[in-house]
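Participant: Okay, here's what each chain looks like letter by letter:
Protein chains: 2
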Amino acid sequence: MSEALVAGLELGGTKCLALLGRGQVICDRIVVPTTSPADTLGQLETQLRLWFQHEPFAAIGIGSFGPLALDRTRPDYGFITNTPKPGWADTEVAGRFGAAFGVPVGFETDVTAAALAEHRWGAAQGMTSSVYLTIGTGIGGGAIVNGRPLRGFLHPEMGHVRVRREAGDSFSGICPFHGDCLEGLASGPAIAARSGRRAQDIPSDDPVWRPVAGALAEIVAMLILTLSPERIAIGGGVGCGQPHLLSLIRARVATMLADYVADMDINALERIIDTPCLADQAGPLGTLALALAAIEETAGAG
Amino acid sequence: MSEALVAGLELGGTKCLALLGRGQVICDRIVVPTTSPADTLGQLETQLRLWFQHEPFAAIGIGSFGPLALDRTRPDYGFITNTPKPGWADTEVAGRFGAAFGVPVGFETDVTAAALAEHRWGAAQGMTSSVYLTIGTGIGGGAIVNGRPLRGFLHPEMGHVRVRREAGDSFSGICPFHGDCLEGLASGPAIAARSGRRAQDIPSDDPVWRPVAGALAEIVAMLILTLSPERIAIGGGVGCGQPHLLSLIRARVATMLADYVADMDINALERIIDTPCLADQAGPLGTLALALAAIEETAGAG
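Chains as they are written, first to last, in the numbering used here: chain Z, 237 to 538; chain B, 237 to 538.
Heads up, a few of these hints could be off.
[Stated by the list, open to error] Simulated coverage check for chain Z against chain B, where a stretch passes if three residues somewhere in it have a Cβ under 8 Å from a Cβ of chain B:
id, segment
1, 294 to 301
2, 362 to 370
3, 398 to 409
4, 518 to 524
[Said to hold, decoys possible] From chain B, some residues computed to sit far from chain Z (all C-beta separations above 12 Å):
id, residue
5, P273
6, D275
7, E328
8, R332
9, G395
Since the hints were made in silico from the structure, they are not lab data.
Note that CB positions come from ideal geometry on N, CA and C, so glycine has one too.
Next up, chain Z with everything else stripped away, as it sits in the complex:
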């Protein structure tokens, strides 16, 4: 059976994508800058309308920056909630597009969408627990557990976990909320603040990578001991652009676990901790995966 034609929206802090696709094949896409909700969502809706008039799509998947309200029993379901991004707090997203096109809508964080793409089409296929971490302008994580996105009271906010500090690392961190949480210590802007250079310009043997890898190894070890994932894909600009960083992280995780977890040796860690096999397409493809999941959920509930 060929998969349904679906639409996807990826809402980011500086730009948004609209996609049309069938399975993991993207048929068309446009990019619009993220300005105000009225302008940006309006442009995206106009594009979806053009596609829909040509050939109706069966569902829409939306992966968005957060925080998001994901509890379907609450009146604010489908909203971007208390984001500090000017103009975007309390913006209805899912309901708007569902009402405009009369199709099922899947709505999750951008990183959960990427995790779902890796689970549906990437290296995490068939896994009962898998994680997608992005290390870039911010740090975020999503997980797919027992076939569905992991969420509950809210959704994961893995970038803001407090981690142990590398011995001797006195960098105070740049997170406006928490100072030296993971994002404050190891995001792209944190690396830039530590070194005065952009991550992509820093050689792999520079000492700045040591505390960065240390902080990232803390979250990876912690995820292994709590979510027991079969795979942790580390993407984003920093994650994908620095292959040596993954080696540093794996070695540190192996030391931290100290052979406690059976079979979790460095060889296993090389399989578990890797870049996303969908590379920078995990996020966009994730929106199509969300749309397909919304169709399946509607069918299952019907």
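Chain B: place on chain Z using the hints.
Facilitator: Using the frame of chain Z, we list chain B on its own:
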């Protein structure tokens, strides 16, 4: 529809339980000491045989100390694997009882069983993500996500997460693997090593509770930011016996999150972080819940 008659086994480090029950009503139970696998499992099987001959039960649920092999595609599925407990490494458990009685067997860690009981019959009913933490001789955690136990490469080993140290806390920790992991800092034996007294004999205003609550708050905040649970039940001898500890933990978690998670204020934390509503019966009832889940899984796959 009345629920099926099922059997449960709870395998602990010093004693084991066998239970017979219907729904959450326990009809009969026995306790046997944990000696050798041949003796202990033999006694449990003899008891199950007596019950079975009187009225056949439809499934068996087993909650066990770990580590356990839970991947059904592997030849060691259903074994207790590399436990340091003398005589118990590489012991087949699930397959043995399944073969003896010809019924479906559910097999998970003891803490996952307790988490499942809270999800089926306790305060976590209907939740998409919920956690059970036990603080006692050791520290362990289980989670139910999207209706099923959380596991993947292995199963959670939450007690061995490394947490930030309380400022000024110089206790070196007692974990033989990791020193100052969570279990090394905040388990019953760690509290005893810190203070020279048993946890239950220490007054609630004793300064020893401060670093213990601090370490536990670290894992709770971390779980909130990764698993986004709607509930974290904290049980076990230390967890259930020290109500003031929960207040300390909640206050510390609120400070750590720094209002980052929407709606996660101290009132929400009072609802989320609590003792298990099944109290010390969460573990035993969890084995019955595992048996019922095994029946449902068999029916779903058939």
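Participant: Now look at each hint and say whether the structure bears it out.
Facilitator: Each hint tested on the structure:
1. Against chain B, the segment 294 to 301 of chain Z contributes 0 residues with a C-beta closer than 8 Å to a partner C-beta. That does not satisfy the three-residue criterion, and the hint is violated.
2. Under a criterion of three residues with beta carbons nearer than 8 Å to beta carbons of chain B, the stated coverage of the segment 362 to 370 of chain Z is upheld, 4 such residues being counted.
3. Only residues whose C-beta sits within less than 8 Å of a C-beta in chain B count toward coverage, and the segment 398 to 409 of chain Z has 4 of them, enough to reach three; the restraint holds.
4. Coverage of the segment 518 to 524 of chain Z by chain B is violated [criterion: at least 3 residues with CB-CB distance below 8 Å; count 0].
5. Its beta-carbon lying about 18 Å from the closest one in chain Z, P273/B satisfies the requirement of being farther than 12 Å from that chain.
6. Every CB of chain Z lies more than 12 Å from the CB of D275/B, the least distance being 25 Å, so the non-interface label holds.
7. Here E328/B stays apart from chain Z, with its beta-carbon at least about 16 Å from theirs, past the 12 Å limit.
8. Residue placement check: R332/B keeps its beta carbon more than 12 Å from all beta carbons of chain Z (closest about 20 Å).
9. Annotated as non-interface, G395/B brings its C-beta within 12 Å of a C-beta of chain Z; the closest such distance is 8 Å.
Hints 1, 4 and 9 from the list above are not met by this structure, while the remaining hints are.
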